[in-house]
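Q: Take a look at the letters that make up each chain.
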Amino acid sequence: MNPAASTPNTLLMALPKGRMADQALELMASAGLPLPDGQSGRKLILNSADGAMRYVLSKPTDVPTFVEYGAADLGVCGLDTLRESRRQVYEPLLLPFGHCRLCLAGPADAAGGPLRYESQPRVATKYPNLTEEFFRKRGVNAEIIALNGSVELAPLVGLADLIVDIIETGNTLRANGLVEQRVIMHSQAVLVVNRASYHLKAAAVQNVIYRLRLALQAGAAANQDPASKSKASSGV
Amino acid sequence: MMGSDLAAPGAAAHRLILRDAALTYLPASTLGALSSPAGQIPRGVADYFWQEAARRRRLEQALLAVFRSWGYGDVIPPSFEYADTFGRRGSAELQSELCRFLDRDGSMLAMRADMTIAVARLVGTRLHDWSMPQRFCYAGSVFRDVEPRAGQQREFGQAGIELIGSAAPEADAEVLALTAQALQAVGLRDFRIVLGQMQYFDGLLQALQLEPGRQLQLQQAVDRNSEAELAAFLQGAALPRLMHLAVQELPALSGADVETLLDRAAGICLNETMQSAVDNLRAICRVLAAHGVIHMVSLDLTEIHNLGYYTGITFEVLAHGIGYRLASGGRYDNLVGSFGAPQPAVGAAFGLERLLLALDGGKAAVPAPVPVDVLVSGRADAASIELINRARAAGLHVVVDLQQRHGNELWRLAQHQKIGCAVDYGEQAIWLWMAGSDSAGASVGECSPEVLWQQLQRLALAKTARVESDEASL
Numbered sequence: 001m002n003p004a005a006s007t008p009n010t011l012l013m014a015l016p017k018g019r020m021a022d023q024a025l026e027l028m029a030s031a032g033l034p035l036p037d038g039q040s041g042r043k044l045i046l047n048s049a050d051g052a053m054r055y056v057l058s059k060p061t062d063v064p065t066f067v068e069y070g071a072a073d074l075g076v077c078g079l080d081t082l083r084e085s086r087r088q089v090y091e092p093l094l095l096p097f098g099h100c101r102l103c104l105a106g107p108a109d110a111a112g113g114p115l116r117y118e119s120q121p122r123v124a125t126k127y128p129n130l131t132e133e134f135f136r137k138r139g140v141n142a143e144i145i146a147l148n149g150s151v152e153l154a155p156l157v158g159l160a161d162l163i164v165d166i167i168e169t170g171n172t173l174r175a176n177g178l179v180e181q182r183v184i185m186h187s188q189a190v191l192v193v194n195r196a197s198y199h200l201k202a203a204a205v206q207n208v209i210y211r212l213r214l215a216l217q218a219g220a221a222a223n224q225d226p227a228s229k230s231k232a233s234s235g236v
Numbered sequence: 237m238m239g240s241d242l243a244a245p246g247a248a249a250h251r252l253i254l255r256d257a258a259l260t261y262l263p264a265s266t267l268g269a270l271s272s273p274a275g276q277i278p279r280g281v282a283d284y285f286w287q288e289a290a291r292r293r294r295l296e297q298a299l300l301a302v303f304r305s306w307g308y309g310d311v312i313p314p315s316f317e318y319a320d321t322f323g324r325r326g327s328a329e330l331q332s333e334l335c336r337f338l339d340r341d342g343s344m345l346a347m348r349a350d351m352t353i354a355v356a357r358l359v360g361t362r363l364h365d366w367s368m369p370q371r372f373c374y375a376g377s378v379f380r381d382v383e384p385r386a387g388q389q390r391e392f393g394q395a396g397i398e399l400i401g402s403a404a405p406e407a408d409a410e411v412l413a414l415t416a417q418a419l420q421a422v423g424l425r426d427f428r429i430v431l432g433q434m435q436y437f438d439g440l441l442q443a444l445q446l447e448p449g450r451q452l453q454l455q456q457a458v459d460r461n462s463e464a465e466l467a468a469f470l471q472g473a474a475l476p477r478l479m480h481l482a483v484q485e486l487p488a489l490s491g492a493d494v495e496t497l498l499d500r501a502a503g504i505c506l507n508e509t510m511q512s513a514v515d516n517l518r519a520i521c522r523v524l525a526a527h528g529v530i531h532m533v534s535l536d537l538t539e540i541h542n543l544g545y546y547t548g549i550t551f552e553v554l555a556h557g558i559g560y561r562l563a564s565g566g567r568y569d570n571l572v573g574s575f576g577a578p579q580p581a582v583g584a585a586f587g588l589e590r591l592l593l594a595l596d597g598g599k600a601a602v603p604a605p606v607p608v609d610v611l612v613s614g615r616a617d618a619a620s621i622e623l624i625n626r627a628r629a630a631g632l633h634v635v636v637d638l639q640q641r642h643g644n645e646l647w648r649l650a651q652h653q654k655i656g657c658a659v660d661y662g663e664q665a666i667w668l669w670m671a672g673s674d675s676a677g678a679s680v681g682e683c684s685p686e687v688l689w690q691q692l693q694r695l696a697l698a699k700t701a702r703v704e705s706d707e708a709s710l
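Chains as they are written, first to last, in our numbering: chain Y, 1 to 236; chain R, 237 to 710.
Some hints here could point you the wrong way.
Straight-line distance between alpha carbons at most 27 Å, and here's what the computed DSSO-like set of lysine-lysine pairs gives [claimed, not checked]:
| no. | chain 1 | residue 1 | chain 2 | residue 2 |
| --- | --- | --- | --- | --- |
| 1 | Y | Lys59 | Y | Lys17 |
| 2 | Y | Lys43 | R | Lys699 |
| 3 | Y | Lys17 | R | Lys654 |
| 4 | Y | Lys59 | Y | Lys43 |
| 5 | R | Lys599 | R | Lys654 |
| 6 | R | Lys699 | R | Lys654 |
| 7 | Y | Lys59 | R | Lys699 |
| 8 | Y | Lys43 | Y | Lys17 |
These are computed hints drawn from the structure, not numbers from a lab.
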């Protein structure tokens, strides 16, 4: 057995590097689940003190891949990333962080009529699959330009007419003279589980889901924060 | 189908060649470039060679041996058939994944995308008047035009069984028990068979009478196992109390405690269809207990995976370290009838590549050629050839050095190719070289034809013993 892969007695969880990982670990802590043991610097796999859980930090877009292949049993990622990846995993719980929306945006002066009037808009995005699906549903043959970052730049330099990107506050858009035209989907963090692990490690996986659910309910009851209410995805 | 054409340039080019006879007038170099760019192979197919190829064949044979011991007879369906044969019977997904091409008369053909449909066609159209049930087993390639991804290529190996002509729960149990035994026979440990029943969810949908959009929402929520999406569905659908309860309970109907789960499932049945699904599972599980395999079975009534023709139980086999199913199957009572007289049927298919990966613990083995047992060089006369053939008959794999190397040169070649024994069959004398073990170095000695034959017989005996112990673990 590959030592890096998940083993029958432990659960391996893939977390997306960055803020979402911190929030996920915070939630795991409040649920009383074992956390990584100390700061282990450059190590890629972190073990919990009791060895019951192992964690890997990966690029956010890779989390669904790790989980679909069963390299990780569980993972936390955004719904946007998950739908874009088209990976086949279970997604039992929505988690109350990472809220954002995937939007279509364009230059403020060009906003207007229905999208179906557009013949072949060029659309820059980090989400080519969701973007293509969105336009295809409307019968528009969009030219998708896949970028890896600074998508807002594309309309400014004439690379694209429109963009599809994640928006949290909208400040970046406004600063670049772009306006939001359509919401493609609402996104938030979601717990994903490998389909095989769900059955093969049923007890351990169910324990994690159960404890997280309790922690979420306790958290929601404590602060009645509207943002922590689960919101189902729409549009996809 | 334009989408899949665009997605598979290799396949598109292939079709072009088949269709366009005018291409033959092009210079040979152009044609070569079109049909096989720089000697590459299209995406989603693979060369198997060396040990990997040998292991695949051994796996096939080991599975078939178990199937045959339960009375399943071999069947070899054609590699391609009319596209309609697969297209009309499979799910929309299977239909879109057919590798199609044109026949000379313009009819649409497709590479074999599913063994079960082919066997059902055979029984439905040609063997319908033979006594039932009929049992068939197979091993071979299956082709689906998919984006290559987790454990899924465009050509993949399948072995499997079909039991046609019985609707008894004993038939379902036989296929499940045989699946378990075959997996154990090839050395797979620690796997689970996750068992579902299409009728349960179908019955639920019948009872709910949802509009198509809502139905899709429910199917998606169940397929993703998403609490939030199920909650959103329940909120939007505003169902009567009992129906609401039945949907709400659905995610909980999955786990290893089969008895308890079936009791729970029985408690929320909304109609006869759901009830008979539970009764059917109960009956099957009783027989599985008698087969001694019930402890490997989990229940999952939310499993709604379907190739388009399943009508009763469905199941998939999962193992640690592999994130996707190694085998799957189910009952298909309407498939044979679509070709002729209706016959209830149940079957299972095993993914050969996935199974090999699982047997390796999720990590591919280091590629290496399969060494032969004996390397012989020397005069090609009747005596030496007779000896070589005797060794071959005794079970040794013997290769003749066509360059007629002698002495150290021959031993070096044997060592390099990890061949344990080399024979220099010279004009005057016979020299025998044996590779060393860990403790001792290689040995070389002159010997008579009689002594050589004794040595070869010893090798053959040792090999037989080794092969027998190897067969337990593939």
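Q: Output the numbers, in ascending order, of every earlier hint that fails for this structure.
A: Violated hints: 2, 3, 7; rest satisfied.
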